[in-house]
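Read off the chains here:
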Amino acid sequence: MTSFTRGSLTLQPSLPRNRWNQLLTLVAGLFTALAVLPLIVVIAYVLFKGGSLITVRLLTELPPPPGLEGGGIGNAILGTLLVTLVASLIAVPVGVGSGVYLAEYAKGGAFSRFVRFGANVLAGVPSIICGVFVYGLIVSTRVFFGQSYSAMAGGIALAVLMLPTVIKTTDEALKLVPQELRWGAMGVGASRFITISRITLPAAFSPIATGVVLAIARAAGETAPLIFTALFSPFWPEGLFNPIASMSVLIYNFAIMPYDAQIALAWASSFVLVVMILAANLLARWLGRFNRP
Amino acid sequence: MAAGVRPELFSQRRRPLWELLIDRGFHKVVVLLAAVVGLVLFGILLTVVGGSREAVLRFGLGFITNSDWDPLAEHYGAFTAIYGTLVSSLLALLIAVPLGVGTAVFLTENIIPLAVRQVLGVMVELLAAIPSVVLGLWGIFVMEPFLRPGLETLHRLLGWIPFFSTTPQGPGMAPAVLILVVMILPIITAISRDSLMQVPISLRQAAYGVGSTRWGAIVQVILPAALSGITGGVMLALGRAMGETMAVTMLIGNSNTFSLSLLAPANTISSMLANQFGEADGLQVSALMYAALVLMLLTLAVNLLAQLVVRRLSLKM
Numbered sequence: 001m002t003s004f005t006r007g008s009l010t011l012q013p014s015l016p017r018n019r020w021n022q023l024l025t026l027v028a029g030l031f032t033a034l035a036v037l038p039l040i041v042v043i044a045y046v047l048f049k050g051g052s053l054i055t056v057r058l059l060t061e062l063p064p065p066p067g068l069e070g071g072g073i074g075n076a077i078l079g080t081l082l083v084t085l086v087a088s089l090i091a092v093p094v095g096v097g098s099g100v101y102l103a104e105y106a107k108g109g110a111f112s113r114f115v116r117f118g119a120n121v122l123a124g125v126p127s128i129i130c131g132v133f134v135y136g137l138i139v140s141t142r143v144f145f146g147q148s149y150s151a152m153a154g155g156i157a158l159a160v161l162m163l164p165t166v167i168k169t170t171d172e173a174l175k176l177v178p179q180e181l182r183w184g185a186m187g188v189g190a191s192r193f194i195t196i197s198r199i200t201l202p203a204a205f206s207p208i209a210t211g212v213v214l215a216i217a218r219a220a221g222e223t224a225p226l227i228f229t230a231l232f233s234p235f236w237p238e239g240l241f242n243p244i245a246s247m248s249v250l251i252y253n254f255a256i257m258p259y260d261a262q263i264a265l266a267w268a269s270s271f272v273l274v275v276m277i278l279a280a281n282l283l284a285r286w287l288g289r290f291n292r293p
Numbered sequence: 294m295a296a297g298v299r300p301e302l303f304s305q306r307r308r309p310l311w312e313l314l315i316d317r318g319f320h321k322v323v324v325l326l327a328a329v330v331g332l333v334l335f336g337i338l339l340t341v342v343g344g345s346r347e348a349v350l351r352f353g354l355g356f357i358t359n360s361d362w363d364p365l366a367e368h369y370g371a372f373t374a375i376y377g378t379l380v381s382s383l384l385a386l387l388i389a390v391p392l393g394v395g396t397a398v399f400l401t402e403n404i405i406p407l408a409v410r411q412v413l414g415v416m417v418e419l420l421a422a423i424p425s426v427v428l429g430l431w432g433i434f435v436m437e438p439f440l441r442p443g444l445e446t447l448h449r450l451l452g453w454i455p456f457f458s459t460t461p462q463g464p465g466m467a468p469a470v471l472i473l474v475v476m477i478l479p480i481i482t483a484i485s486r487d488s489l490m491q492v493p494i495s496l497r498q499a500a501y502g503v504g505s506t507r508w509g510a511i512v513q514v515i516l517p518a519a520l521s522g523i524t525g526g527v528m529l530a531l532g533r534a535m536g537e538t539m540a541v542t543m544l545i546g547n548s549n550t551f552s553l554s555l556l557a558p559a560n561t562i563s564s565m566l567a568n569q570f571g572e573a574d575g576l577q578v579s580a581l582m583y584a585a586l587v588l589m590l591l592t593l594a595v596n597l598l599a600q601l602v603v604r605r606l607s608l609k610m
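In order, the protein sequences belong to chains B and E. Each residue of the first sequence is one higher than the one before, starting from 1 at the first, in my numbering. Each residue of the second sequence is one higher than the one before, starting from 294 at the first, in my numbering.
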């Protein structure tokens, strides 16, 4: 019979398996540090480099012509807000409506399966392809009063991008609403429409709002769908049917210019954009806290 | 009459016509809105296929294997861009998968306190929220100058290998790959973390019960159990990397000359689209649409495969 030596049941750090254990823990820790590092460095750079440039003038003036100093990004801030607003006004009703259909009306037939599958596929379509689509659909055909590039086209391109997110969050949020609430509403004589608009949608408000805010934040930072739909403009927005400036396209255009003034404006735009997007993310997290019963 | 029953309280209410109409109308509206997704998808397909018809007829499949992109001679081949798309995304995946899965394991194990892990988790998720154009700006002015001495050393020491055979001049494949790593890391980490957290605790307890060490349990029990979710996340990240445009465009150098070297400027389909689409006309638009079609088919295949893999490999319980 084998006899156990004293201490065979206590941890012996020098055993190969324990050495491996320590090594792998160390490696995983290092990987985590490496994964978090870019965020810290990028945020630090954008906040310090961009934040130090922010003045009231910069937020309210037009960008200078190439080679000149000064100026600001006022038109780009306004443009981003406008284009994102257009996108939200299209994507939120359509997306929430589709989500309502999927969660409340669909009975698992071919059409609902197709819509779910379509939303998944659309979510995987590269954002630049959305731009190509809207270019072919609106810009090159000049459907809007003969205008080619326009804020409207940019907004539609961003709406295509937001749509799958809004559909999925609405669908999933409505499925989490307890069935008893629907039965209760029906039981006291409410119609399907009243049940959905007064009972189920309000009950799912918080997760839907979270998803919508995240989708808007993502759309606000998108560049690829805008570069050949909304284009860019060095002037103040001239309505929805003309080219419009946006912060993301401004960063792209100015980053590759050989002028320091333009590059400084690109950093300042990054600051404003990142602060807006981080604020939206924090808002979404705050809204998400109401999910828990 | 029975005591207590008051029929006037239970009278049947006829549904007014307007209420019926609203109800039916709402149903119809919602169905129409749901059909928009399908319309948009068909629209995208029609636009891209229709737009690329001319180039498809003219260049055929040779478009994919030909690396000659010459707008003056009106001769187009997208091999350089397709190669760039595949190489940049696969290399980025190669670096990001160990990093992301390692981070996910670290964030689900109880090595450091829960509060710290939660903060780190939120930070990785916030990284996903940073717009790619901002990462591109940072890449141009901070990351690339910082990396250049390292890449130059690499060229000096390993220049005899074709992959490092050119002197780094700033933009190129290597910086683009690294910025892609930063972009897809949050996706891989977040999805791996979710799948690791869904592994039943009993599996872990059983592994510890038979005397496994922490990493014995992770490598042999927990990671295999979470494999389907992790693979799905990796495939999604691959799709994202292939379609990613802005940061890559700003860092890759946009050269249509084919080069094996990772230190030389290169091109991807999406960066080619971003660069040329606005100014192109005639056959060039058609050729770009053809390239867009290739990109769409690539990402579609990867995304469908991802869904299939998740269904196939998911843990049966």
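Don't read these hints as lab results, they were simulated from the structure. Watch out, some of these pointers could steer you wrong.
Claimed, not checked - Listed next, the in silico DSS-like pairs over lysine-lysine satisfying Cα-Cα at most 30 Å (straight line):
hint, chain 1, residue 1, chain 2, residue 2
1, B, K175, E, K321
2, B, K49, E, K321
3, B, K107, B, K49
4, B, K168, B, K107
5, B, K107, E, K321
Since the model is a prediction, treat every value here as computed from it, not as a measurement.
**Prompt:** For the pair supplied as a hint, B:K107 and E:K321, is the alpha-carbon distance within the 30 Å limit?
**Reply:** 15 Å, holds
**Asked** Going straight from one Cα to the other, do B:K49 and E:K321 come out at no more than 30 Å?
**Response** 52 Å, violated
**Prompt:** Does B:K107 lie within 30 Å of B:K168 when you go C-alpha to C-alpha?
**Reply:** 17 Å, holds
**Prompt:** Within a Cα-Cα threshold of 30 Å, do B:K107 and B:K49 meet the stated pairing?
**Reply:** 54 Å, violated
**Hinted pair B:K175 and E:K321, Cα distance within 30 Å** = Within the cut-off at roughly 20 Å; holds.
Checked against the numbered hints given earlier, this structure breaks hints 2, 3; the rest are met.
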